[in-house]
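First to last, the sequence lines map onto chains D and E. For the first sequence, my numbering gives the first residue as 1, with consecutive numbering after it. For the second sequence, my numbering gives the first residue as 1, with consecutive numbering after it.
Treat the hints as calculated values from the structure; they're not laboratory data. Just so you know, even glycine gets a beta-carbon here, dropped at the ideal spot from N, CA and C. Check the hints yourself; a few may be wrong.
For lysine to aspartate or glutamate, the following EDC-like pairs were computed, each having C-alpha atoms within a straight-line distance of at most 16 Å [to be verified]:
hint	chain 1	residue 1	chain 2	residue 2
1	D	K282	D	D313
2	D	K34	D	D217
3	D	K282	E	D46
4	E	K62	D	E156
5	E	K28	D	D262
6	D	K39	E	D46
7	D	K245	E	D46
8	D	K39	E	E15
9	D	K34	E	D46
10	D	K282	E	E15
11	D	K39	E	D34
12	D	K39	D	E26
13	E	K28	D	E26
Some but not every residue of chain E turned toward chain D, in silico, with C-beta under 7 Å [claimed, not checked]:
hint	residue
14	M30
15	E31
16	G32
17	S35
18	L49
19	G50
20	I52
21	M57
22	G65
Here are the chains, one letter per residue:
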Amino acid sequence: MASARISGIRIAGLASAVPARVCLPEAFYELFGKEEVLKVVASTGVRKRHLAPPGMCTSDLCVAACNRLLVEGEWDRRSIDAVLFLSQSPDYSVPFTASIIQRRLGLTTACAAFDVNLGCSGYIYGLWLAGSLIAGGGMRRVLLLAGDTNAHVSAEDKSVALIFGDAGTATLLEKSDEGQDFIFVLGTDGRGEKNLIIPAGRCRKPSDETTRIRREDPEGNRRSAEELYMNGAEIFAFTLAEVPKMIREVFAEAGKTVEAVDAVVLHQANQFMLEYLARRMKIPMEKVPLSLGEYGNTNSASIPVTMTHCLRDRLSHKRTELLLGGFGVGYSWGAATCAVGEIVMPEMIFLGMDEIGKEEGT
Amino acid sequence: MTRKEFIAEIALLMEVDVGALTEETRLKDMEGWDSMAAVGFIAMVDEKLGYIPPPKMIAESKTVGDLVKIAVAMLEG
Chain D
1 MASARISGIR
11 IAGLASAVPA
21 RVCLPEAFYE
31 LFGKEEVLKV
41 VASTGVRKRH
51 LAPPGMCTSD
61 LCVAACNRLL
71 VEGEWDRRSI
81 DAVLFLSQSP
91 DYSVPFTASI
101 IQRRLGLTTA
111 CAAFDVNLGC
121 SGYIYGLWLA
131 GSLIAGGGMR
141 RVLLLAGDTN
151 AHVSAEDKSV
161 ALIFGDAGTA
171 TLLEKSDEGQ
181 DFIFVLGTDG
191 RGEKNLIIPA
201 GRCRKPSDET
211 TRIRREDPEG
221 NRRSAEELYM
231 NGAEIFAFTL
241 AEVPKMIREV
251 FAEAGKTVEA
261 VDAVVLHQAN
271 QFMLEYLARR
281 MKIPMEKVPL
291 SLGEYGNTNS
301 ASIPVTMTHC
311 LRDRLSHKRT
321 ELLLGGFGVG
331 YSWGAATCAV
341 GEIVMPEMIF
351 LGMDEIGKEE
361 GT
Chain E
1 MTRKEFIAEI
11 ALLMEVDVGA
21 LTEETRLKDM
31 EGWDSMAAVG
41 FIAMVDEKLG
51 YIPPPKMIAE
61 SKTVGDLVKI
71 AVAMLEG
């Protein structure tokens, strides 16, 4: 188990942005059948998602969130030492997206910037990395921009077409003398490789004419090799094997129990899974906020989106004890305990195409 | 838990009458047996028997009896 205790940092602000464009389950009635769609909705809990129109990237959502955050928090952009773009959907394969974000945000060139490719566990890893940059890396203020747009999801694949949502978030971490330690527990199991994967389109299997052709699987779902494949049963089995253990470990490291925590913010994989996990770990559902009903599974953004959607009022005014947990693609998992609040938290941003690129610094 | 009770739990998952299922029932023939039912099966076995059934064995199961075999194998192993 990889664990870490980081002192001398605090989360100073957090903002989330989703595309203005909404997608409702009705859009899939004709393709999958109304009854089937309603069954999926009942099981996953996803009643609505926000999806980026063509031409809107994760970076656009993250930049929008970040600009709103920096303005509302009245932070000097010149004080930002590092920006970390945490996503599976970069603008390009080359160059990395964080450098483009440095320019778009109008940050100084005396700034470290880099991308990290992680999904469901990404926000936890992002906090750990950003915190470590401050605690050990000489940085004072770090922006963690986490999010995803799900362009590579086949609309003809019932196992994935109804679940994912798009979002981009910005979290500002800074050096601080006050505040509690952040405790992290992190893990990885590469045997999860094939269970949540886009098999073609990069180095292992480059794009060619065949990789773009959709084929039907034994369950009647159609996807190409350049589209996401997800084995729900394998991922659920992994979740049950690792997540309760991870939560126990982070509580043990932090010397806390669930009673000491005000909210348990988990990666919004699906409602059935979260409710079962909470029951198994004896965490009351009142402490487990859900955003997936409105926004779907937003990958690495799901924890901050949930914080904006469910805890904004509380975190803006009150110090709040949090347990955060992310788990999934990789397999990768991480949990953190921290105290957050009062922090700057703008309202949820709904981004239209016409608002992209109208930011300072471009 | 008896075999009968286990099959009753499977019937619940598939949203069918327990009378509609026997150990010979082919999963392919049951509309209620899909990837969501497989996830529900994992949760049910984990909750009732305290073990996580291997998804590969679930995917290879052809009949309700094969699902019962998984539980038996785990209890004995």
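Do the hints match the structure? See the list:
Distance restraint check for K282(D) and D313(D): the Cα-Cα separation of roughly 26 Å exceeds the 16 Å cut-off, and the hinted pair is therefore not satisfied. This hinted pair does not check out: K34(D) and D217(D) have alpha carbons roughly 21 Å apart, beyond 16 Å. Proposed proximity of K282(D) and D46(E) is supported: the alpha carbons are some 15 Å apart, at most 16 Å. Pair hint K62(E) plus E156(D) does not hold up; C-alpha atoms about 26 Å apart against a cutoff of 16 Å.
Proximity of K28(E) to D262(D) is assessed by CA-CA distance (about 45 Å); at most 16 Å being required, the pair is judged violated. Proposed proximity of K39(D) and D46(E) is contradicted: the alpha carbons are some 22 Å apart, above 16 Å. Annotation: proposed proximity of K245(D) to D46(E) holds, straight-line Cα distance about 15 Å (limit 16 Å). A C-alpha spacing of about 11 Å is found between K39(D) and E15(E), which places the hinted pair at or below 16 Å, so the restraint holds.
About 31 Å separates the Cα atoms of K34(D) and D46(E), which puts this hinted pair outside 16 Å; it is violated. The straight-line distance between the Cα atoms of K282(D) and E15(E) is roughly 27 Å, outside the 16 Å bound, and the hint therefore fails. In summary, the hint linking K39(D) to D34(E) is supported, as the alpha carbons are separated by about 11 Å, within the 16 Å threshold. Between K39(D) and E26(D), the direct Cα distance comes to roughly 12 Å. Compliance with the 16 Å bound is thereby established for this hinted pair.
Between K28(E) and E26(D) the alpha-carbon distance is near 27 Å, which puts this suggested pair outside the 16 Å criterion. A cut of 7 Å between beta carbons decides the hint on M30(E): the least distance to chain D is about 14 Å, and the hint is violated. Because the smallest distance between the Cβ of E31(E) and any Cβ of chain D comes to about 10 Å, over 7 Å, the interface hint for this residue is violated. The interface hint given for G32(E) is broken, as the beta carbon of that residue sits about 9 Å from the closest beta carbon of chain D, more than 7 Å.
The interface hint given for S35(E) holds, since its Cβ lies 5 Å from the closest Cβ of chain D, which is under the 7 Å cut-off. Annotation: interface hint on L49(E) violated; nearest CB of chain D at approximately 13 Å, more than 7 Å. Residue-level restraint check for G50(E) is violated (minimum Cβ-Cβ distance to chain D is 11 Å; threshold 7 Å). Against a cut-off of 7 Å between C-beta atoms, the interface hint on I52(E) holds, since the closest Cβ of chain D lies about 5 Å away.
Proximity of M57(E) to chain D is violated relative to the hint, the smallest CB-CB distance being about 10 Å (cut-off 7 Å). The beta carbon of G65(E) is not positioned within 7 Å of any beta carbon in chain D (closest approach about 19 Å), and the interface hint is therefore violated.
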